[in-house]
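Undergrad: With positions in the sequence shown counted from 1, the corresponding number in our numbering is that position plus 4.
Take these hints with a grain of salt, some might be off.
As the list claims (entries may be wrong) - Computed list of lysine-lysine pairs in DSSO-like fashion (alpha-carbon distance at most 27 Å, straight line):
no., residue 1, residue 2
1, Lys-28, Lys-13
2, Lys-19, Lys-33
3, Lys-79, Lys-54
4, Lys-88, Lys-54
5, Lys-19, Lys-41
6, Lys-54, Lys-19
7, Lys-41, Lys-28
8, Lys-54, Lys-41
9, Lys-28, Lys-54
10, Lys-13, Lys-54
Think of the hints as simulated: they come from the structure by calculation, not from any bench.
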Amino acid sequence: MTVNVINGKISNEEKVAYWDYACKHSDGKTLDSLDVKIDGDYVDLTYHFKTVPFERIRRITGYLVGTLDRFNNGKRSEEHDRVKHMTREDL
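All chains should be modelled from the sequences, with the hints used to inform the complete structure.
TA: So, in structure tokens, the structure goes:
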């Protein structure tokens, strides 16, 4: 649990209370750290979430796949020989 306090000091009990509040309102995401910015009688909370691993999935020869390691030689050959279209990033 990492709680960064900006512009003031708060007790450990308040840190735990803000952390619990943030976890309850994080829509199932895993909280990595929390910034508590004190502005007089008000506080601003900034949530920092842990990154979620992402695996690219493509449709190749009618199948949704992430990698080609489970394809047999015929399917690997189909993937190798298919027409690859240019995108804006390729221009």
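Undergrad: Compare the structure with each hint and give your call.
TA: Outcome of the hint check:
1. Lys-28 - Lys-13: Cα-Cα ~23 Å, so holds.
2. Lys-19 - Lys-33: holds (19 Å)
3. Lys-79 - Lys-54: violated (36 Å)
4. Lys-88 - Lys-54: violated (34 Å)
5. Lys-19 - Lys-41: holds (12 Å)
6. Lys-54 - Lys-19: It holds: about 19 Å lies between the C-alpha atoms, which stays within 27 Å.
7. Lys-41 - Lys-28: holds (19 Å)
8. Lys-54 - Lys-41: holds (20 Å)
9. Lys-28 - Lys-54: holds (16 Å)
10. Lys-13 - Lys-54: holds (25 Å)
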